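Protein chains in written order, with numbering that gives the first Met the number 0: chain A, 0 to 452; chain B, 0 to 391; chain C, 0 to 294.
Since the hints were derived computationally from the structure, they do not count as laboratory data.
Some hints here could point you the wrong way.
Claimed, not checked - Here's a subset of chain C near chain A, in silico, CB distances under 8 Å, partners left out:
{"id": "1", "residue": "K168"}
{"id": "2", "residue": "L172"}
{"id": "3", "residue": "Q212"}
To be verified - A few chain B positions that, by computed beta-carbon distances, are all more than 12 Å from chain A:
{"id": "4", "residue": "R26"}
{"id": "5", "residue": "K31"}
{"id": "6", "residue": "G155"}
{"id": "7", "residue": "L158"}
{"id": "8", "residue": "D217"}
{"id": "9", "residue": "Q286"}
{"id": "10", "residue": "V338"}
{"id": "11", "residue": "I360"}
{"id": "12", "residue": "K378"}
Note that the coordinates shown come from a computational prediction; the quantities given were computed from them, not determined experimentally.
Think of the CB as a built atom: it goes at the ideal place given N, C-alpha and C, for glycine as much as any other residue.
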Amino acid sequence: MSETATPAKTEQKRAINRLKSMYPLRNLVQQDYVDTLQASKEGKPTVWSMLNYWEGDLPLKAMDLNIVYPENYATLLAASGAAEPFLDASDSDGFPNHMCGYGRATIGYSYRMMKENGGKIPIDAPLGGMAKPALLLGSGIICDARFKWFQALARYFDAPEWCLEMPMMATFEGTEPDLEEYQVKFLTREIKDFIEFLEKLLKKKMDWARLEELIVLATQIHETNYQINEARKAIPGPMHSTDFWSSMPPSLFFAGDMKVSLKLYQDMLAEVQERVKNKESGINYPERYRIIFAELPPWHSLKFFDKLAEKGWNFVFESFGYHNTRPIDLSKVSDPCEKLARFARNFWFNIFPEAKKDNISNPVVETYLKIARGYKADGFFLHPLISCRAASCSLRTIQHFEQDKLDIPSLWVEGDIIDKRVFNPQEVLAKAEAFEQTMDHYRKVRKSKGLDW
Amino acid sequence: MVIATTKGLSRAHEIYTDRGLRVRELRKAGKKIVGYVCLYPPVEIISALGLVPFRVFGDMSEPITAADQVSITVVCPFLRSIIDLGLKGKFDFLDGIVGAHTCDIGMTLIISWRDYVKDAPFTHLIDVPHTDHAPAVDYFEGQINSFKRHIEEFAGEKLTDDKLKKACEIHNKQRKLVRELYDLRKSDPPLLTSTENLEVLMAISSLPVDEGNELLEDVIKEIKNRELKPPKKKARLLVWGPVVDNTSLYQLIENADANVVIDDTCVGTRAFWADVKAPYNLHALAQRYLVDIKCPRTYRDSCHQELERNYDKDLDSRFNYIKKAITDWKVNGAILQSVKYCDTHGYEVPNLRHYLDTLGIPSIYIEHDYSERSLAPIKTRVEAFVETLDLR
Amino acid sequence: MPGMDNLTSHLYFAGIDIGSTMSKAAVVDAESRMLAYVVGPTGAEHRLYANKLMEDILRKAGLTLSDIAYIISTGYGRVNVPFADKQITELTCHAKGVAALFPEVKTAIDIGGQDAKVLKIKNGRLVDFLTNDKCAAGTGRFLEVTAETLGLELDEMGRISLQTDSPVKINSLCTIFAQQEIISRLSEGELLPDILAGVYIAIATRVVKLARQLKVEMPVVFTGGVAKNAGMVKAMEAVLGVPVLVPQEPLITGCLGAAILARDEAFKLVQRGEYEGHRDKKLTEARIDFGEKSR
């Protein structure tokens, strides 16, 4: 996964114009793995957490816990081609093989660690692996797999477990007048209960001042990222999707020291804004097509985007689920638990009023319509994954609405989040030629309908 | 069409074979039919407002030809079948459809219905929290209240406490009757087959609640009085898993020298075991539906807030209702069946099998894709499983 | 077991295994000793073939149908043996047959023409199993298709593969795509023995993956038509990491097990006073006399 160019490589033109500010952010995540492993060796309790849209992670950080994200670790397994033995292990313990690749990888990892290795980290685990958890923090947000698989881990670990909640709904029900208040009440109570539980478990009180500090930092990190996203609307697109994917963990998972990551994101914002000023593109070839990628990237085959960049395909935006929304003003909220509740809820519900106005019943579809307009997309690269239903199930509807409402065509390319054998890059490149003609056609159609791209 | 003359098991069979039979008549007579998917929409509210609740199922014998236009293929085939049928207009007798966020695709189904199946003027999606924690029950009550408001508008009348109480009582009565029906399989041999049982349950989910109760009373009397009894067989099995809405699977099992004497499925005990408790208000509904229904989609957490976790204790707390069923119905083997791509059930399998192991109950896991032809290879496995049961 | 004396020495029991590609039959005596077996291709007409198979085995054993006290059919086409007294799945029959040949067996792996099975055996009885009937890549079919692609005989393939100790890793998941992979690798200069060895490893890997779900315990017995192939056996041992036992005739464990189960079933019925003679009464005039002492 190392991107440091060897002397031979620098002679060859690199297709993607990578942001300098991406590298330290990526390194921060890798360093975080190493640090948490070290800390766990020194006796600090490790928490295995799922992406919970900041509801749970900020309290964990405030209590100074060591946090590891198996979901994110699985992407490392995928990217380094090391996933197979873990997937096989999950199968051999009787779990169905159509389940989430990340889930299978984590279950396989846990099985190998606890049942085959007597509690020691498997020797082929990249980056030193994940330390044994003292607490499992599952989450029902986004999909069922993410809390069921954690529940299944009870098979290997006697660690206590908690499952965090987030309401998920359609536009109509999600814009009921009284909904926000009783949802916030629900989430606030859950977070409060969760913190009480942490206090009992760790035998220490929550440092509320620290939590407030982290909420402020989180808000700043998200505001900075929001500005980066706005800047990315420029033509040509100044930041390629691969840079985003490499640098998003500290904003999505708040990995590492948040003061450090805030500074690094501010550096990134400056670099992106500089590029916008100089009309510098995120690819080293003329931008012919502006592409939106949905939803989860093929971690095992990111080099593939270089080939498309050579054709002038600039992936200008991507994966809405990995981004954050513009933070809301929490200054009038005094209860930190309520602050967290509103902060987390905002990510999912901020789009609902617009969805209602546009009469779109699936909020994810509205999100992508907004993205398509904002980034003046020529085409969508839709990547359904055979083992991830949650990230794939809305893609057909996105395809239809992008076509119907904005005359933007989509390329449908199947793959899997962890099994690279399912993804066929040659087939995609073959389809790409034809798709360019489709995109050219619809550009004309849009212009004829008065749209400006 | 002379249908009122059939009674009991024949009537059940008739409706099982043509599920829209009665509701189409009722619709002509001016009633509004509200379809619901899964166990989480509170049918009491639907009945209380004078509407007819109709449980929506797929069709294992119908090849999926339309669903792929709106859905990816790697999703629950049962739900995919439902959207397929919807797109083909097979549910055009529904005036509305209610679903719940029971699982990822269950939620997507209703959204797709709204976007693509234009027939039903009334659609509603109830959010169901994933856990059964106390704040979650209160939130769910809020969701039920939102649903109530919306369907009141559709029904053109308000839900009063009295109407709700009566509806809860009559639905509770139905559940009690179903439990009586299940008691008839405690004997060896059981007095009815699982195929007959399923047809009755499918039939009552396609009838207004009072008619369903009448049918149940007839069936129970008929079975108690009939002379010809099903044969005694080697195995007494429990079938676990998501929706079994077609007799072909039970028939396959019963042809393999086994009797299915009880189940843990949603066209079965999950739907009928728990009653709504007094004072029959929205909170009582929230409690019954979220906490008392035992379905893997809900993260039932025995060790909630406990600082130490014990695997066996957790399993027992989650599954001991199965232990009771095994004891009371004298079960000696379990078939865990699920559909491909079902995450909520898939993750349960190794842990549940371990639990059954500790109870000394042999089990087998079979996965199918909700089509009749996918059952053929399962036949041999089920037969071999029954052959391995160390009996006689 | 009552009846194990010269009063029952004239009693025989038959097992018929109608598989998807091959059909087999065996006859055992009252002490479960095998007298004879036959093997032949199934063809399209199961019903007719079952009769012919029965004729062949009777001729080979020097018996007539009236000598056979009980017949069990098994295999894919077991419902198409009209004169069988009972049908039992091939899973149970294989386990029984393997245990008869190797009494200590704990795990049996069978790779057939179109499926693969893993059987867990305890004290000579089947206790658990897993099957792969969805995907050709872990079955004999993969070998057949590959043989066709390369213009080789199956035996030849096995022999050639033994020439190497460095099998290539076949990446394709699917039997059909694997053929393309094999051809392109040959054209890239990879050696035929290495590729063939890789094919056997690929099959073994799929099947062993299935086996590991049941936790492989020794001794392991390997059966099925494919088990006759030395290249396949080598691959199985390499992937499993333990030696495997292969019966002399790996195709007949199913029908042998069926015949032994026929014997057991007949004696059980006799003990319960329920034995009514061979089902096909047209062919047996009177009840087979198990003798008074056997009760």
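Consistency of the hints with the structure:
no., hint, result
1, K168, "violated, 11 Å"
2, L172, "holds, 6 Å"
3, Q212, "holds, 5 Å"
4, R26, "holds, 25 Å"
5, K31, "holds, 19 Å"
6, G155, "holds, 19 Å"
7, L158, "holds, 17 Å"
8, D217, "holds, 39 Å"
9, Q286, "holds, 16 Å"
10, V338, "violated, 10 Å"
11, I360, "holds, 16 Å"
12, K378, "holds, 20 Å"
Violated hints, in rising order: 1 and 10; the structure is consistent with all others.
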